[in-house]
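Undergrad: Below, each chain spelled out in residue letters.
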Amino acid sequence: MAKGTFEVKVGLAEMLKGGVIMDVMNPEQAQIAEDAGAVAVMALERIPALIREEGGIARMSDPEMIKEIQEKVSIPVMAKVRIGHFAEAQILEALEVDFIDESEVLTPADEANHIWKHDFKVPFVCGCRNLGEALRRIGEGAALIRTKGEAGSGNIVEAVRHMRMVTSSIKKLTTMGQDELMAEAKDMGAPFSLVQQVGKLGKLPVPNFAAGGVATPADASLMMQLGAETVFVGSGIFMSEEPAQRAKAIVEAVTYADDPGKLADISSGLKKAMKGLDISEIPEDQMLQERGW
Amino acid sequence: MTVGILALQGNFSKHLEKLHALDCTALLVKYPEQLQEVDGLVLPGGESTCITLLMEKTGFHSAISEFAKEKPVFGTCAGLILMASEPNDERVNSLHLLDISVNRNGYGRQVHSGIHEIEALVNGRASTHQAMFIRAPKITKTGNNVSVLGKLNNDPVLVQQGHHLAACFHPEMSVDISIYSHFLEMISSKNLAHAV
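Protein chains in written order, with this note's numbering: chain C, 1 to 293; chain W, 1001 to 1196.
The set of hints was computed from the structure by calculation and includes no laboratory data.
Do not rely on the hints blindly, as some may be mistaken.
What the hints assert, rightly or not - If you only want the chain W side, here are some residues facing chain C, beta carbon under 8 Å, derived:
| id | residue |
| --- | --- |
| 1 | MET1001 |
| 2 | LEU1008 |
| 3 | GLU1017 |
| 4 | ARG1109 |
| 5 | LYS1138 |
| 6 | LYS1141 |
| 7 | ASN1145 |
| 8 | VAL1148 |
| 9 | LYS1151 |
| 10 | ASN1153 |
C-beta atoms are modelled at their ideal positions from N, C-alpha and C, and glycine is treated no differently.
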């Protein structure tokens, strides 16, 4: 019997495909998310938009809150740790969370190193801005990759940029010979074996999800059509005027991402989306995507 | 023969790859009217609560219930829960295709997920399978009409009742494709029975 192997970790990521993973801050929100059709919830103390507003150090959530959410819902429960904070990850593993997000949304704990994720039985998801970053995280053991986007902005532009960076680099690798792949691996700063594998497969060796700025059903459809296999929604649901209604609409929008007629119905009559930020309004030192490498 | 895969949520694309490996025509089913084009249907793994909501909203719940009266259905993991007569969870609206009682996530959370070697009777032959269990449901009771084709320790994990088949694990995640050929055989014999 093999538990906690890389295959088994990727197995859970596979089951989350075609769904929506929602950020929640308490059991009541987790219940709303499950009732709306979320495939998983991400338990955190403050959603990214509030972290931006309030400032301060953002850390792993209170285990008590995570346990309450685990008791409340039947879907997988994920939680975030600070980049490099393997002790927080050990605590989350002891709590038996289903997935750990080593996340740029929280304040980094180690500016040089990410967590060595192969040491854990629980699967990890990590953010990326480009293919090199994605492959470094997979090399460390991430079983799932998501775009970083710009969390808490309600602005899809960065997630689009990151998804397009990843997919266009993958396309480029599929056209290259072995000699060129080595040079590309050096430029990307990515493990050569993974660069080779992606060149051969024409896709990442783990599922590829979108995160960071999804606020509407159309945003979810856009990311799915650009190649995302599932969508994370952080602040987009619980910073909107009517979370339950918006959550249901985004779930349906992911299933019918390529059906504009259905999307028109799904998007009709929704209460207001979160207000959101233009990226130029965010001071450079507050860009969350710059955290980690 | 065309096999449909319900593609509302879950890892439906892996099932598509397996069916293609058997040279079978396969179709991702997103609209109830597509059921008219298929001879059998796969209900994939995913989250049964999410698939329940989407099935209700899109009219699939009644459409599959009608389809399943004559045509074979094969459910894996969440798909099995959706086929159980007793899903034991009010969040799941089952199709009641198999006389079994299940405990959702009965094998525990993700840290307890794993690959187990199981013995199963597939295509009429006893064989060994590397079965991946992901937050898997546990079958706690089976009715008299249910044949247990595979067991893990003493628990049934692969079951058949008439023209319906279900697994607690994920055959779409392993190399072996014999469980799919077993299902295709079930569809063929059902088609033959209709032709006679």
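Undergrad: Each hint: holds or not?
TA: A quick look at each hint next to the structure:
| no. | hint | in the structure |
| --- | --- | --- |
| 1 | MET1001 | 25 Å, violated |
| 2 | LEU1008 | 5 Å, holds |
| 3 | GLU1017 | 12 Å, violated |
| 4 | ARG1109 | 5 Å, holds |
| 5 | LYS1138 | 14 Å, violated |
| 6 | LYS1141 | 20 Å, violated |
| 7 | ASN1145 | 28 Å, violated |
| 8 | VAL1148 | 20 Å, violated |
| 9 | LYS1151 | 14 Å, violated |
| 10 | ASN1153 | 11 Å, violated |
Of the hints listed earlier, those the structure fails to meet are numbers 1, 3, 5, 6, 7, 8, 9 and 10, in rising order.
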